[in-house]
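Enquirer: Order-wise, the sequence lines are chains A and B. In terms of the working numbering, the first sequence opens at residue 1 and continues consecutively. In terms of the working numbering, the second sequence opens at residue 1 and continues consecutively.
The set of hints was computed from the structure by calculation and includes no laboratory data. Treat each hint with caution, since some may be false.
Heads up, simulated DSSO-like pairs for lysine-lysine below, C-alpha to C-alpha not over 30 Å straight-line [stated by the list, open to error]:
hint, chain 1, residue 1, chain 2, residue 2
1, B, Lys135, A, Lys34
2, B, Lys119, A, Lys34
3, B, Lys119, B, Lys138
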Amino acid sequence: MRKIDAREITAEVKSLFLKANFQIGKDVLKALEKALTEEKSKVGQDVLKMIIENHRLASSEELAICQDTGLAVLFVEVGQEVCIVNGHYGEAINKGVEEAYQEGYLRKSVVDDPVFERKNTKTNTPAFIYTDIVPGDKIKITVMPKGFGSENMSALAMLTAAHGAKGILDFIVDTIRKAGPNPCPPTVIGVGIGGTADKAMVIAKKAIARPLGEHNAHPQYAQLEKETLERINQLGIGPAGLGGNITALAVHIDYLPTHIAGMPVAVNVCCHATRHASGEI
Amino acid sequence: MAEEIRITTPLAESVVLSLKAGDSVKISGNLYTGRDAAHKRLYELLKEGKDLPFPIAGQIIYYVGPAPAKPGYACGPAGPTTSYRMDPYTPLLLEKGLKGMIGKGLRSKEVIESMKKNKAVYFAAVGGAAVLIAKSIKKSEVIAYPDLGAEAIYRYYVEDFPAIVCIDAYGNNLYESEPPKYRKEL
Numbered sequence: 001m002r003k004i005d006a007r008e009i010t011a012e013v014k015s016l017f018l019k020a021n022f023q024i025g026k027d028v029l030k031a032l033e034k035a036l037t038e039e040k041s042k043v044g045q046d047v048l049k050m051i052i053e054n055h056r057l058a059s060s061e062e063l064a065i066c067q068d069t070g071l072a073v074l075f076v077e078v079g080q081e082v083c084i085v086n087g088h089y090g091e092a093i094n095k096g097v098e099e100a101y102q103e104g105y106l107r108k109s110v111v112d113d114p115v116f117e118r119k120n121t122k123t124n125t126p127a128f129i130y131t132d133i134v135p136g137d138k139i140k141i142t143v144m145p146k147g148f149g150s151e152n153m154s155a156l157a158m159l160t161a162a163h164g165a166k167g168i169l170d171f172i173v174d175t176i177r178k179a180g181p182n183p184c185p186p187t188v189i190g191v192g193i194g195g196t197a198d199k200a201m202v203i204a205k206k207a208i209a210r211p212l213g214e215h216n217a218h219p220q221y222a223q224l225e226k227e228t229l230e231r232i233n234q235l236g237i238g239p240a241g242l243g244g245n246i247t248a249l250a251v252h253i254d255y256l257p258t259h260i261a262g263m264p265v266a267v268n269v270c271c272h273a274t275r276h277a278s279g280e281i
Numbered sequence: 001m002a003e004e005i006r007i008t009t010p011l012a013e014s015v016v017l018s019l020k021a022g023d024s025v026k027i028s029g030n031l032y033t034g035r036d037a038a039h040k041r042l043y044e045l046l047k048e049g050k051d052l053p054f055p056i057a058g059q060i061i062y063y064v065g066p067a068p069a070k071p072g073y074a075c076g077p078a079g080p081t082t083s084y085r086m087d088p089y090t091p092l093l094l095e096k097g098l099k100g101m102i103g104k105g106l107r108s109k110e111v112i113e114s115m116k117k118n119k120a121v122y123f124a125a126v127g128g129a130a131v132l133i134a135k136s137i138k139k140s141e142v143i144a145y146p147d148l149g150a151e152a153i154y155r156y157y158v159e160d161f162p163a164i165v166c167i168d169a170y171g172n173n174l175y176e177s178e179p180p181k182y183r184k185e186l
């Protein structure tokens with residue numbers, strides 16, 4: 001049994017949320033720079049240049065890349081040999097989120113009641129935490145500040161086996177067509193196939209955090225990713241939706257076993273910043 | 001996108017009518033911020049026959065909920081939010097003389113019809129360029145609804161705020177006209 005102090009979790013969560021909000025990943029920057037060389041629209045090129053310059057400024061001045069610093073989403077793998085001491089797991093994470101958003105001048109975007117009062121919690125908590133218990137004695141944390149311009153464009157379809165890969169491809173492309181300029185293209189598209197309705201969306205969200213440029217290890221799913229990206233970039237939506245041949249930077253598909261009667265497909269859309277950061281305790 | 005056009009708020013009707021979809025503009029003067037919660041309140045005030053907290057005639061509303069300002073900065077990162085959420089409240093504001101909106105993303109048919117009728121322009125700012133855009137915001141003060149935090153109404157004084165005329169007062173719409181030029185789908 002390895003003892004991990006809850007305060008270490010708080011410190012790591014705080015540090016990761018600050019990092020994710022100030023700096024985009026090298027993989028994302030590389031994808032944006034590649035997009036700039038491939039984009040045919042002059043306006044699209046100007047938009048990409050602005051986005052890249054924005055990232056440079058945000059990183060050098062330690063400012064939030066985007067004013068929508070998102071809901072705090074975390075994917076955490078907790079080794080089963082870990083014993084957390086001096087505090088509670090969930091509270092430690094939420095404290096880390098609160099400290100990052102307070103001290104990093106990040107916007108608090110959480111309302112306590114979604115329908116009636118919609119009162120800001122003023123801490124950007126609660127965080128939305130997905131925990132897996134895994135072998136080992138470490139805690140691996142991936143944080144994802146998730147903006148809602150893109151989140152609002154997400155969709156779920158309970159397809160069936162008869163729809164096949166073609167049905168999946170059409171559903172993803174339709175979702176992105178309808179989203180148009182809204183989710184801050186060029187987007188990164190997470191897709192979860194299989195499992196249950198809820199689990200499909202969780203793996204879709206997690207897939208967004210996969211490094212850009214990596215494909216699914218399964219060749220047929222990798223092929224589906226490539227074909228879907230190609231079709232999406234034929235939509236003409238372009239950077240900021242002002243026309244162009246780069247509408248998405250990547251499509252990341254993950255899959256799970258599912259029921260004999262079903263084929264859930266979840267599409268979780270992320271803006272061009274694709275903010276996330278990972279660390280290990 | 002041709003040469004850049006400099007415009008100043010409040011917008012004269014002649015300026016509004018001279019702007020065409022695709023024009024790249026630099027805006028200077030005061031902008032008023034507003035997003036979901038503030039729009040709901042403005043709408044309710046008008047429905048009750050009350051005055052708005054700022055004179056809306058000729059003005060531009062910027063759809064934004066800024067991040068807090070770091071010490072030494074006039075304003076925190078402040079890029080546009082998605083505009084369609086304000087659509088239900090917008091036609092009434094246009095009736096009252098609002099001449100411009102800055103945001104990102106699609107607008108409803110009702111908003112576009114009202115823009116044509118009331119002669120107003122919808123500008124697109126680049127979503128996610130929040131730090132870059134904030135550089136053009138020189139002064140920021142809350143003028144209404146401080147209880148809403150980031151959703152309060154701020155008055156910004158801006159210099160050369162970068163935007164593109166996305167939907168003009170004639171209903172020309174870049175989101176409709178531009179993607180087909182790059183579309184390859186059958």
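Enquirer: Taking the hints in turn, state whether each one holds.
Expert: Okay, the hints, checked on the actual structure:
Restraint check for lysine 135 of chain B and lysine 34 of chain A: satisfied, since their Cα atoms lie roughly 26 Å apart, inside the 30 Å limit. This hinted pair does not check out: lysine 119 of chain B and lysine 34 of chain A have alpha carbons roughly 40 Å apart, beyond 30 Å. The suggested pairing of lysine 119 of chain B with lysine 138 of chain B holds, with an alpha-carbon distance near 28 Å, which does not exceed 30 Å.
In this structure, the one hint that does not hold is number 2.
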